[in-house]
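Visitor: Just need the whole structure built from these sequences, with the hints factored in.
Number of protein chains: 2
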Amino acid sequence: MADKLSTDPYKGVRDFYPEDMAIQRYIFDTWANVAESYGFERYDASVLEPAELYRAKTGEEIVNEQTYTFRDRGDREVTLRPEMTPTVARMVAARRRELSFPLRWYSIPNLFRYERTQRGRLREHWQLNCDIFGADNQYADAEIIALAYHILKKFGAQDDDFVICVNDRGLLNEYFSKTLALNEEQTHKMYKLLDRKEKIATFAEEASEIIGKPLDERELNGLMNERLSACLAALGELGVRNVEFRPSIVRGFDYYDGIVFEVFDTSPENNRSLFGGGRYNNLTTLFGGDSIPAIGFGMGDVTMRDFLETHKLLPNLAIGPRVMLLVASPAAIDEAFLVREEIRGHDIPIAFDFSGRKLKDQIAQAAKRNIPYVIVVGDDEVASGTYTLRNMSSGEEVRGTIAELIEKIR
Amino acid sequence: MADKLSTDPYKGVRDFYPEDMAIQRYIFDTWANVAESYGFERYDASVLEPAELYRAKTGEEIVNEQTYTFRDRGDREVTLRPEMTPTVARMVAARRRELSFPLRWYSIPNLFRYERTQRGRLREHWQLNCDIFGADNQYADAEIIALAYHILKKFGAQDDDFVICVNDRGLLNEYFSKTLALNEEQTHKMYKLLDRKEKIATFAEEASEIIGKPLDERELNGLMNERLSACLAALGELGVRNVEFRPSIVRGFDYYDGIVFEVFDTSPENNRSLFGGGRYNNLTTLFGGDSIPAIGFGMGDVTMRDFLETHKLLPNLAIGPRVMLLVASPAAIDEAFLVREEIRGHDIPIAFDFSGRKLKDQIAQAAKRNIPYVIVVGDDEVASGTYTLRNMSSGEEVRGTIAELIEKIR
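Note that the protein sequences, when read in sequence, are chains D and A. Our numbering puts the first residue of the first sequence at 434, with every later residue one more than the last. Our numbering puts the first residue of the second sequence at 434, with every later residue one more than the last.
Treat the hints loosely; a few may be bogus.
Given that identical chains are not distinguished, each listed pair holds provided it fits within a single copy or across any two copies.
As the list claims (entries may be wrong) - Keeping only pairs whose Cα atoms sit at most 30 Å apart, straight-line, the calculated DSBU-like set for lysine-lysine is:
1. Lys586 <-> Lys841
2. Lys437 <-> Lys625
3. Lys586 <-> Lys793
4. Lys625 <-> Lys611
5. Lys587 <-> Lys745
The hints are simulated quantities; they were obtained by calculation from the structure and are not laboratory data. None of these values were measured; they are calculated from a predicted model.
Guide: Laid out in structure tokens, this is it:
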């Protein structure tokens with residue numbers, strides 16, 4: 434066929450075949466489980482958002498160049514959401530009068546960004562978002578960071594596999610404006626420079642140039658205020674010890690205005706930022722009304738999977754049914770059809786091959802797919818009512834009626 | 434604020450606040466549970482697909498007018514997928530050599546369509562998609578229909594709450610071409626007319642006009658072939674009895690070419706089509722290579738929720754944590770913070786209000802949110818190490834150490 438269709442997905446997005454989907458679900462389920470243990474409630478929203486939502490805080494340039502934004506036929510500008518924080522702020526602001534604060538909310542949204550096509554750069558990912566609204570104290574700060582910590586622990590990570598770096602934008606603001614007496618432009622430049630600190634060798638020179646004298650790096654590293662120290666103390670009480678103050682953690686988003694944090698992988702092969710978050714007490718004012726204090730973080734599936742693979746933390750995940758019936762003769766298909774329904778009625782995932790393929794091919798397929806149990810259904814079995822259940826990994830076999838075998842499988 | 438942002442979502446899409454999200458998850462979990470009991474494996478793909486994928490079978494007009502289709506900056510035409518079948522056919526065709534057939538796959542994708550804005554017309558929904566690839570026999574046909582049946586049963590529906598109407602496009606094709614000797618144009622018109630049969634009063638007149646003589650409706654209703662009757666017999670064996678042959682079931686999609694079915698709500702208030710599906714043995718040939726026979730269906734979340742509400746089948750769903758700590762004095766917050774972590778360590782979802790609000794307001798909030806248990810943490814409790822666990826629905830109270838209360842909650 435000359436004009437046959439391509440089987441490739443759209444550039445920069447992923448297909449999830451069952452083996453990848455099993456990993457995806459394992460990650461999502463673990464995220465949900467730990468978030469719910471902290472009393473977080475799940476919400477969601479559409480991937481389509483009015484483009485205005487991102488203009489105010491994300492900046493015109495990013496909306497135009499780094500997001501999927503288009504005009505619908507009603508001439509509305511619509512964006513495939515690049516991050517979840519503006520959405521959750523919108524939803525909370527909309528029902529601020531009915532909602533019970535403090536609010537603990539989580540979501541696992543699909544996010545999109547327009548990337549120039551490059552090897553390995555994806556245009557979509559999924560991200561766990563956890564936020565606490567309506568509480569501005571060290572307990573809320575520490576809870577959000579402890580939640581992030583316990584998610585990594587739940588995946589099997591050890592304390593020395595990662596480090597949590599925290600900072601307080603308020604602390605830096607005060608240091609720049611009061612101690613160093615910098616003006617707004619200088620402050621802005623210092624933030625940009627700090628954000629690049631770990632990647633450049635010329636930090637000291639560039640800092641001197643901005644502030645007009647050498648920056649005292651010991652003074653910068655020794656900064657501390659009451660709130661940050663209360664937060665670190667609370668984390669210590671909870672047993673979260675791989676935390677350190679790092680003044681270069683400023684995070685890119687405009688809306689952060691308090692505690693910010695970033696978690697880094699400590700392994701030499703994957704030594705990079707895993708995810709981060711921070712406090713954004715004033716974002717909801719975009720929608721009118723008083724501000725609702727908030728703190729949260731976002732953790733992406735692609736980065737998470739890389740981390741789990743780097744540290745060999747991915748378990749062997751089951752895909753497919755627990756039991757496969759092997760149909761030994763064409764005459765036995767009818768019986769297999771009924772046996773399957775009987776076993777399935779006990780909430781045991783079970784399938785069979787109704788294509789009439791050879792028995793040895795059916796066994797080979799069950800082995801290839803790591804099916805835990807098989808039961809042969811042939812003329813003898815149908816006549817006698819006695820079947821054989823085989824454990825595919827141990828090779829152990831048990832004979833009995835279907836009712837007896839159901840007991841064995843459960 | 435003059436230029437404050439709207440809190441409305443984009444036109445035609447939904448926000449899922451926790452109470453709606455709980456219903457959504459209940460529907461998704463039930464779908465997944467029954468599909469997996471039949472050995473179906475979960476897959477997924479991005480909502481972004483190349484627009485070409487829909488042109489071939491869906492038609493240029495639908496792609497242009499009823500989908501979200503836009504050009505990206507690489508001048509690629511991209512569509513927010515309006516249905517999942519082309520995607521799953523693409524994925525199966527891409528790995529036809531490695532995959533084990535028969536393949537049972539399911540997915541719960543988000544789908545989009547461009548609708549003129551009208552009250553109650555949504556532009557997105559979620560849909561369970563179940564498909565069997567690589568098997569063209571009555572067992573595969575019956576299994577797909579039985580799966581759809583058992584999903585409704587799992588939600589608590591009774592046999593007389595819905596009816597499953599089946600037809601075979603092959604049967605109609607033969608009747609039109611051989612028995613009635615219609616040409617292609619007449620056949621096409623008859624399909625269009627049958628699709629509208631239940632909605633119009635002029636079916637007989639219009640049919641006569643197309644075929645040039647009165648249509649024998651008894652003959653039409655009495656049609657049957659070996660395959661359809663084998664499928665109905667297999668369904669009977671599985672105990673699926675609310676099934677009937679209905680020649681007006683043709684389904685809109687171009688790619689159906691065998692058994693088609695549609696499930697109708699029988700309640701007088703909601704007497705309408707719930708969902709449907711059918712056999713599409715030739716869709717994969719669009720991607721080159723031999724055809725891979727396939728049958729499947731799609732079941733939407735909006736329709737499903739309407740059905741559950743109409744038949745009062747939605748259970749009372751838990752939202753939020755199982756336990757709420759009530760902090761009786763500001764001095765007790767530190768202790769509450771640690772007690773929470775101790776209980777949470779036993780996989781019990783638990784939260785507390787660290788805002789310093791009055792105790793009676795905290796109790797009122799726990800009651801409003803239907804939290805099952807509360808534990809008061811005050812100065813006396815901290816001093817004595819003895820706490821009171823209150824069951825919020827029965828009013829029953831138990832005193833003990835935190836370790837003892839954990840046993841009570843589990």
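Visitor: Does each hint hold? Answer for all of them.
Guide: These are the hints, each one checked on the structure:
1. Lys586 <-> Lys841: between (34 Å within a copy, 27 Å between copies)
2. Lys437 <-> Lys625: Between. Shortest inter-copy distance 28 Å satisfies the 30 Å Cα cut-off; intra-copy 50 Å does not.
3. Lys586 <-> Lys793: neither (43 Å within a copy, 36 Å between copies)
4. Lys625 <-> Lys611: Close inside one copy (19 Å), not across copies (77 Å); limit 30 Å.
5. Lys587 <-> Lys745: within (14 Å within a copy, 38 Å between copies)
In the structure shown, a violation is registered for the earlier hint numbered 3 alone.
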